[in-house]
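For the record, the sequence lines run as chains A and B. For the first sequence, my numbering assigns the number 10 to the initial residue and increments by one for each residue that follows. For the second sequence, my numbering assigns the number 10 to the initial residue and increments by one for each residue that follows.
It should be emphasised that the hints constitute simulated quantities derived from the structure, not laboratory data. Using N, Cα and C, we set each Cβ at its ideal position, and we do this for glycine too. One or more of the hints may lead you astray.
Unchecked claim - Each pair of labels, with its calculated beta carbon distance range:
1) 169(A) to 213(B): 23 to 31 Å
2) 73(B) to 184(A): 38 to 46 Å
3) 273(A) to 73(B): 44 to 52 Å
4) 169(B) to 278(A): 34 to 42 Å
5) 252(A) to 168(B): 29 to 37 Å
6) 243(B) to 72(A): 54 to 62 Å
7) 281(B) to 187(A): 31 to 39 Å
8) 111(B) to 244(A): 51 to 59 Å
9) 298(A) to 136(B): 48 to 56 Å
There are 2 protein chains.
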Amino acid sequence: MKNIGLIGYGVIGKRVADAINAQDDMNLVGVCDVISDWRIQNAVRKNYNIYAATPDAEKTMKDAGISVVGNMMDLLDKVDLIVDCTPKNIAAQNVKIYKEKGIKFIVQGGEKHETTGHSFSAENNYNSALNLDATRVVSCNTTSILRTLTALKKAGLLDYARGTLLRRATDPWESHLGGIMNTMVPERDIPSHQGPDAQSVDPDLDVITSAVKVPETLSHLHYWNVKLKKPTTKEEVLNAFKKSTRIKFIQYDQGLVSNNTIKEMYLDMGRPWGDMYEVALWEDMLKVVGDELFYAYVVDNQAIVIPETIDAIRALTGIETDAAKSIAKTNKSLGIN
Amino acid sequence: MKNIGLIGYGVIGKRVADAINAQDDMNLVGVCDVISDWRIQNAVRKNYNIYAATPDAEKTMKDAGISVVGNMMDLLDKVDLIVDCTPKNIAAQNVKIYKEKGIKFIVQGGEKHETTGHSFSAENNYNSALNLDATRVVSCNTTSILRTLTALKKAGLLDYARGTLLRRATDPWESHLGGIMNTMVPERDIPSHQGPDAQSVDPDLDVITSAVKVPETLSHLHYWNVKLKKPTTKEEVLNAFKKSTRIKFIQYDQGLVSNNTIKEMYLDMGRPWGDMYEVALWEDMLKVVGDELFYAYVVDNQAIVIPETIDAIRALTGIETDAAKSIAKTNKSLGIN
Chain A
10 MKNIGLIGYG
20 VIGKRVADAI
30 NAQDDMNLVG
40 VCDVISDWRI
50 QNAVRKNYNI
60 YAATPDAEKT
70 MKDAGISVVG
80 NMMDLLDKVD
90 LIVDCTPKNI
100 AAQNVKIYKE
110 KGIKFIVQGG
120 EKHETTGHSF
130 SAENNYNSAL
140 NLDATRVVSC
150 NTTSILRTLT
160 ALKKAGLLDY
170 ARGTLLRRAT
180 DPWESHLGGI
190 MNTMVPERDI
200 PSHQGPDAQS
210 VDPDLDVITS
220 AVKVPETLSH
230 LHYWNVKLKK
240 PTTKEEVLNA
250 FKKSTRIKFI
260 QYDQGLVSNN
270 TIKEMYLDMG
280 RPWGDMYEVA
290 LWEDMLKVVG
300 DELFYAYVVD
310 NQAIVIPETI
320 DAIRALTGIE
330 TDAAKSIAKT
340 NKSLGIN
Chain B
10 MKNIGLIGYG
20 VIGKRVADAI
30 NAQDDMNLVG
40 VCDVISDWRI
50 QNAVRKNYNI
60 YAATPDAEKT
70 MKDAGISVVG
80 NMMDLLDKVD
90 LIVDCTPKNI
100 AAQNVKIYKE
110 KGIKFIVQGG
120 EKHETTGHSF
130 SAENNYNSAL
140 NLDATRVVSC
150 NTTSILRTLT
160 ALKKAGLLDY
170 ARGTLLRRAT
180 DPWESHLGGI
190 MNTMVPERDI
200 PSHQGPDAQS
210 VDPDLDVITS
220 AVKVPETLSH
230 LHYWNVKLKK
240 PTTKEEVLNA
250 FKKSTRIKFI
260 QYDQGLVSNN
270 TIKEMYLDMG
280 RPWGDMYEVA
290 LWEDMLKVVG
300 DELFYAYVVD
310 NQAIVIPETI
320 DAIRALTGIE
330 TDAAKSIAKT
340 NKSLGIN
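Using the sequences and the hints, build the whole thing.
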């Protein structure tokens, strides 16, 4: 049983905390943040031990009636590994402390690859993360790219892939803070950053991405044109994707015609926050033309990295050396099937 | 001087009427519709002769104080060619009448290719439309595809092209009638209809499209991955695109970072309705990698077909047998340079 600490109780952090709490081979020691409003009350409600990241935060938390167990250093002293889900500039400072104290740590996809020297995607490179001191779980979009292209690569089908990424403008709960409205905003450069980011996990992938922000908050939508190593059939491609346990086929003809209908289905399923840990890929839209493959899928930007983070904890701590076993265990705990 | 009639004074029709009126080799005999509200007042303001499409419309128009010159048959008797910009089901009925009366006609991209047996895009196939009885000006998205790919084809660069089309959800003036909000809605099938539609003009084009509706009303945005016949340079590609007079290079680094900023620039330029007749292609975003080409551009769904329609009139009536001369004349009249 490994002791895990969570620093940064935001949209990713609160989900990671719940996911750690759902595992039987790791113990959530506590969550650490600076917030003292309704957001941290969610952790109070769940009886998580709460640590204050700064002296100021400790005071405002206590003023708000929150029972504070200790400060960030107290938390660090009790854990085998920290999952850092803080915003970019804060994570960079925290990482120095983890390194000084010799604590294993995981950062999220907003950080640079160089921060850890290893970037993680469970189905692609779990083994290379075994017993490392640190890794970075790549971002939502990059995770989806790696899952899908790794499946094609393992089946010997992938030559190269070119993707257009339609990105949600901002996170749902933050959309009052400013998003975009009645327009689209392309990323300045081709390739957009997600293609090179996927190569930080798998340098062999021949992948080029373009990206554009659209005025919606629910999830991302990717369109892919893939050159295959040989002419093949739709069935063979579907079989390749089915080897991934985190790609879910959806049917346009069953009314799943859009990001919002997919979101509602996941809420119907009782997933917390309607979280979709899987890549939701349209089976009936998928098209094979000779040695070319075309498909589209939806990515939940808040949820897809949660199972990846749990697997990364197992890899770094070495509590499970078999990638497939960790993935299966995580999937079962989160209701992915 | 050829006499031209316009039937269907909607978002396309009102623009076509103004464009015909701006030519010195054709005469706008009148516009014909059923509407009697603020929309037809625009034609009144411009002193266009107004014809009523039905007896009921004639009555409501007269009740609204509109001076009605005659009915649709009266208009047909006076013209050499009709441009039909009515909605789909109405155009199909009208076409029967044009054929019975032996009047040349042009329909818009919403109609089927079979309606006319010829589909038109000025820079691609003006010559094949010369003195025909009818043609169809292809839709906004298809027009943009043909302009860009024809330029690459003429330069000997185009092998095949794969595009992802982000479509505006509805026309700006109709967005209160229902659009989409905070979601994206893919077209069910790959290829989406625009690729095959482009092949109705140029069957040799190897083009496959995917399309998705996004919650905005300003314009479409296309991302293209093109396989070239050989490795080349960005400069050679730009030179190919420059051969088209209806592709405008825009610079992301000059603040043109989105559909709305581009729209505002065209309004600044004093274009009616901010109309963008050109394909607005990001020069600095465009990327060549070996024998692959990546670029993105914006398409004004209401305006791009207007110059095409003027050229189609010249081709069908035979008043100009040289495509380049017609295109140049149209461009000058509309301020395209």
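Outcome of the hint check:
Roughly 25 Å separates the CB atoms of residue 169(A) and residue 213(B), a value that falls within the hinted 23 to 31 Å. At about 44 Å, the CB distance of residue 73(B) to residue 184(A) agrees with the hint of 38 to 46 Å. Restraint check, residue 273(A) to residue 73(B): a C-beta distance of roughly 45 Å satisfies the suggested window 44 to 52 Å. For residue 169(B) paired with residue 278(A), a C-beta distance near 40 Å keeps the hint of 34 to 42 Å intact.
Checking the proposed 29 to 37 Å range against residue 252(A) and residue 168(B) shows it holds: the Cβ atoms sit about 32 Å from each other. At roughly 59 Å, the beta-carbon separation of residue 243(B) and residue 72(A) lies within the given 54 to 62 Å, and the hint holds. Restraint check, residue 281(B) to residue 187(A): a C-beta distance of roughly 33 Å satisfies the suggested window 31 to 39 Å. With their beta carbons about 54 Å apart, residue 111(B) and residue 244(A) fall inside the hinted range of 51 to 59 Å.
The given range of 48 to 56 Å is broken by residue 298(A) and residue 136(B), whose C-beta atoms sit roughly 31 Å from each other.
In terms of the numbered hints stated before, the structure departs from hint 9 and from no other.
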